[in-house]
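K.L.:
So you can see what is in the structure, the chains are spelled out below.
Protein chains: 4
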Amino acid sequence: MSNKIGEKFQITSFGSSHGYAVGAVVDGCPANLELSAEDIQNELDKRKPGTSSVTTPRKESDEVQILSGIFEGKTDGTPIAGVVFNKNQHSKDYSMFKSTPRPSHGDFGWMSKYGNYDYNGGGRGSGRVTIGHVIGGAIAKKLLKTKGIEIISHVTQIGSIKAEKLSLDEIRENIEKNPIRCGDLEAAKEMEELILAKKSQGDSVGGIVETIATNIPAGLGEPVFERLDGDLARILMNIGAVKGVEIGMGFGVVDKAASQINDEYYIEDNTIKTKTNNSGGIVGGMSNGMPIISRIAIKPTPSISKCQNTIDIESMENKKIEIKGRHDPCICPRVTVVAESSTAIVLADHMIRSGFIHPSNLDG
Amino acid sequence: MSNKIGEKFQITSFGSSHGYAVGAVVDGCPANLELSAEDIQNELDKRKPGTSSVTTPRKESDEVQILSGIFEGKTDGTPIAGVVFNKNQHSKDYSMFKSTPRPSHGDFGWMSKYGNYDYNGGGRGSGRVTIGHVIGGAIAKKLLKTKGIEIISHVTQIGSIKAEKLSLDEIRENIEKNPIRCGDLEAAKEMEELILAKKSQGDSVGGIVETIATNIPAGLGEPVFERLDGDLARILMNIGAVKGVEIGMGFGVVDKAASQINDEYYIEDNTIKTKTNNSGGIVGGMSNGMPIISRIAIKPTPSISKCQNTIDIESMENKKIEIKGRHDPCICPRVTVVAESSTAIVLADHMIRSGFIHPSNLDG
Amino acid sequence: MSNKIGEKFQITSFGSSHGYAVGAVVDGCPANLELSAEDIQNELDKRKPGTSSVTTPRKESDEVQILSGIFEGKTDGTPIAGVVFNKNQHSKDYSMFKSTPRPSHGDFGWMSKYGNYDYNGGGRGSGRVTIGHVIGGAIAKKLLKTKGIEIISHVTQIGSIKAEKLSLDEIRENIEKNPIRCGDLEAAKEMEELILAKKSQGDSVGGIVETIATNIPAGLGEPVFERLDGDLARILMNIGAVKGVEIGMGFGVVDKAASQINDEYYIEDNTIKTKTNNSGGIVGGMSNGMPIISRIAIKPTPSISKCQNTIDIESMENKKIEIKGRHDPCICPRVTVVAESSTAIVLADHMIRSGFIHPSNLDG
Amino acid sequence: MSNKIGEKFQITSFGSSHGYAVGAVVDGCPANLELSAEDIQNELDKRKPGTSSVTTPRKESDEVQILSGIFEGKTDGTPIAGVVFNKNQHSKDYSMFKSTPRPSHGDFGWMSKYGNYDYNGGGRGSGRVTIGHVIGGAIAKKLLKTKGIEIISHVTQIGSIKAEKLSLDEIRENIEKNPIRCGDLEAAKEMEELILAKKSQGDSVGGIVETIATNIPAGLGEPVFERLDGDLARILMNIGAVKGVEIGMGFGVVDKAASQINDEYYIEDNTIKTKTNNSGGIVGGMSNGMPIISRIAIKPTPSISKCQNTIDIESMENKKIEIKGRHDPCICPRVTVVAESSTAIVLADHMIRSGFIHPSNLDG
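Chains as they are written, first to last, in the working numbering: chain A, 13 to 376; chain B, 13 to 376; chain C, 13 to 376; chain D, 13 to 376.
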């Protein structure tokens, strides 16, 4: 298995849901970035379970410890190891899942590929491993901030309830005011009701998370195989439960004519801009200076308490399964910070690779 | 710039639209695969321009030469260099594009990032560089065939015209019968008409290409960062003009409940299958043995003869542009073979990485 | 900075001499290898300081904790994070080294490259970071043992005192009987005396460590750029204080004729062998089935208490320095386990890459 | 097989001795470097066979063609494909080597690993593949020259004949005056005589090639696993026939005390220098601003016409072999340009990776 992502700004993730710890080693962050555990903790708190009625009631404090990479309050160029020790790991008997894969859940893959599957709480297949993503993303975001780059993810749809298009300022303000992390406060209420309804039925629901990154210089990404859109698509599709990725208009381009959606250039304040941003800030694999916009389709959490058909891979017999326990009836609100983190990791990596951030010393 | 993709089965692509040649070095193909130039030529012929009314009339024979890697009719484990010499490269004066980026075209990125942009015919930003993808894909497909894996791409939508869902056999048979490479022959006719209408207006139109890969073993891909869906999303998003990627139901999952779309397991003929395949053959980042299904959203070709606003990056003045010349009014039919090739490259790579194909000797 | 090595069996190392912890994440070990903390601890104990008169008296228990990657006593295919918390880190004031590079020590590089140098005990430039190598090496050795491969490193020279050539069995037995880890017990005594003499003079001395790996299958490594000898040379040269690497006869080939040193093939017990092993088990970049033999030249530890000339990089003035403290007067005995570990990491990586060990499941 | 080296400045090599062509794709060279085929040809001419009495009389014009990557006389950031078509490939019957490995030659590895070995002239195991190295090295050297970096390789020993230590200027001047590429003209004569004597005996002899790189900035390389000395050791050990690599004093450090060889710092003209350069310009894995000096031990060419014992791997019987043909009785003179090229590739790669050369645009 390989658990790293990034070329110059690189995350190596480790740990499982019910083992001793989860965490990540973040390598390639240049020296002289001010960084504290609190910077990372703030981001981790956004994905922490048990904080609202729409997330799993599992309680985890998810306190990060930084084991290396910081000297006198600043990064020193060496790898930053961040660890969260699991506290709630022996709460339940998971042995019923040992050889019984849950429908649309990764554990069938784990069983058939590795043959020694830590089935407790999903093991390393658990959403809990995204703590590693968020540790990496928090550092990436802090690094990008030194260049004015900001990244925000918000929920734009749950089930068939869609949020209104809003300004970035409104989104930024409103997502902190509701447990859905949706910018449209009215839609957020309906979304919350829908999620609670699904929860009471022992079911779950999907949605869409949009990510906007601003202040991006033109020229990130490379035109053929290391394209910025390709790298974003990969890291976003790598988030569990994601089944689709769009950049800019995404699937909306399909039934349009070029004359309707081409982004025309113009000059304003001696800067080259485009009148529209249907491209979502990326053309020909490279950023064009406009905001980078992506959207991901998130499926309903597959772990539901409704009765489902499955099999036992040892006895090779058909079986029924009801997955009791503390599951998220909709994972979208907690995915927002993972999408932000993933986007930040790719952008930080490309900022270094393209020469916009010095590879070893931020003051260099 | 980096122009390679793949870890064990690796493509390094080179060349530009109007230079001497385009091609690719394919490294990591194990020895003892029967391979001839004809195997590659057959695939290249599918993307060749000038073959129908709906593609560009530019004529290129696109004949491939294999420079290395084959001994006595079989691969010998060494890198396979395939080259297509350009024949039609001095046909036109492109100097008007030197400092005038075409809307929604990659050339603004090229100009700002590299500062020495071969603007002739789009240079290395041209769709012509996908010849390298197809060389790699042709070899990957031949390699996968030794394990029974087959890959097929077809057009499922042009503009708002959608093809009916058909069996794999029908698709395979029908796509050879129409220039759209659509499995639904009636829809194909309407699509052709739509494309020709757009062409006559000096405009272009987008569409959707679906790719189906069958006979995939369970356990390809890794569960966290080197996921099969992530790697597919990247290589597909890396195809020029693609703005969205879906696996399985894709964005269709958003408004569904888990109980509606979870793929339940059952046993048939001592084999584990799922009743539905909403996951598109990939769960938890790993293949589950079901067909792998992806769809890509392809934007209308941005090069249109309609008048558009743009700028001159040297004089920093506003400008108008009309892009005359031989452009594809819809690139979807020609993208099919590139999507097949890209999918084949990722699958071949993961088949070797996961131990299903021996890394150095197919007979080993 | 990048702190990983290996392609399929991959080590990501972190931590510094006087930070909270040092450790490594070992990724790519297939599932179902029996592994315990004790397996790693046994190897770490070989490099632990303070165990004899010829090493630094600094006391560290160097107890490893495994945070992830083991399920029910066996690896589960997920990354194995091993950590050693530093206990002895606040023992001394190192501020005199803040801007005063020690001759032939890495700290000038750290100062000029990163600009925020943790100078305490050498920071991440300390030999203490080889704990990460040994964590990785211990797992690699255990993995290789399942295929019968054994690796042993021993001291063959200290200063001008050379050990006699001995059988592998004698070496294996004798190195445990003396603090030098030399197979020749008489030479070991002289070496010990020489080291103690240098120590009493406030000076240090160099030496040679040889590594022998047995039961290697033919065909590890690739013939051009990912050669086994190249990869070994890199990882061995990467060990601090190493200034030369030899494979087989090494520099001994220079004044020989081919007819004197070519390794002639013969057949014994239906197995192909070579009469001599001047090639050290690697020809044309690939293993040939004979024992792999390397030697490294280790310089005298540069930290000595004798007065030396240096500079202050802040005031840009000349300066004198006497490096008091607990330094190894000869690092060779403690390098043996690092050389073993490094060799094991490269061999484990190539065993997986070449298809001799299954990439995800040892039982697969 | 993988045939690439380098991370940012990357070479992918292809081709075999008796196939259609040998060559390389050089990727990652920033745009706006003036470059012509002549720049590469000049370097290739240094390794061309048939130019003197001490090399093989095989005649090859080795004319390079550049297929891509140059626009209006300058690199444009896209991959540079360089090809040399083989002209002399059907000269001889090599079938006797099909299943009979030559002692100390790579072909046993090829046979056992890949199972479809192009044995003609050594196939891809031939020294002829270093044409790819030289294509890459020529571009790297041109790129480094823009930063004042110069690299020179010369022969310092053949058999037991050693060259005197000379100034860089003398070496540079003298190596062009003798076929050995040795700076000491008197030693060169003796070396030539020795080689001719060995040749007349149907035998061959080894030697040492030293490489000196000047004007290196401090801070190239990284301190743990991506060290500059490690990367140099790898690429140099990857050259066929190399069995040992030294940096600076190399094996000379073994019997020295630190007080004898530590490189003391001093300040001259406001620049930090070391009084001696026993470290060879690299300390702690990073360059320190002094010239980088390496030496490689080159074994006598294993292909000799003297009778040797070997086996037939098909019949599994013992056999005798006399390798007639046009072999280099000493490969050292022709290795010099390969060592220069290899060193240049590593330095160019690290110059980009460390931020000293812009990754995409030399004028950027």
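Where hints are given, some of them may not hold.
Each computed DSS-like pair below joins lysine-lysine, with the alpha-carbon atoms no more than 30 Å apart [said to hold, decoys possible]: (1) LYS58/C x LYS86/A; (2) LYS268/C x LYS331/D; (3) LYS86/C x LYS110/A; (4) LYS86/B x LYS331/D; (5) LYS99/C x LYS177/C; (6) LYS99/B x LYS58/B; (7) LYS174/D x LYS285/D; (8) LYS71/D x LYS285/D; (9) LYS268/B x LYS268/A; (10) LYS86/C x LYS104/C.
Calculated directly from the structure, the hints in this document are not laboratory data.
K.L.:
Each hint needs a verdict: does it hold in this structure or not?
P.N.:
For each hint, the structure was consulted:
1. LYS58/C x LYS86/A: 34 Å, violated
2. LYS268/C x LYS331/D: 24 Å, holds
3. LYS86/C x LYS110/A: At roughly 16 Å apart (the allowed maximum being 30 Å), LYS110/A and LYS86/C satisfy the hint.
4. LYS86/B x LYS331/D: Measuring from Cα to Cα gives roughly 28 Å; hence the hint holds.
5. LYS99/C x LYS177/C: 40 Å, violated
6. LYS99/B x LYS58/B: Measuring from Cα to Cα gives roughly 18 Å; hence the hint holds.
7. LYS174/D x LYS285/D: Between LYS174/D and LYS285/D the Cα gap is close to 29 Å, so the pair holds against 30 Å.
8. LYS71/D x LYS285/D: Roughly 47 Å between the alpha carbons, so the hint for LYS71/D and LYS285/D is violated.
9. LYS268/B x LYS268/A: 27 Å, holds
10. LYS86/C x LYS104/C: Answer violated: LYS86/C to LYS104/C is near 41 Å, above 30 Å.
Of the numbered hints stated above, those contradicted by the structure are hints 1, 5, 8, 10, listed in ascending order.
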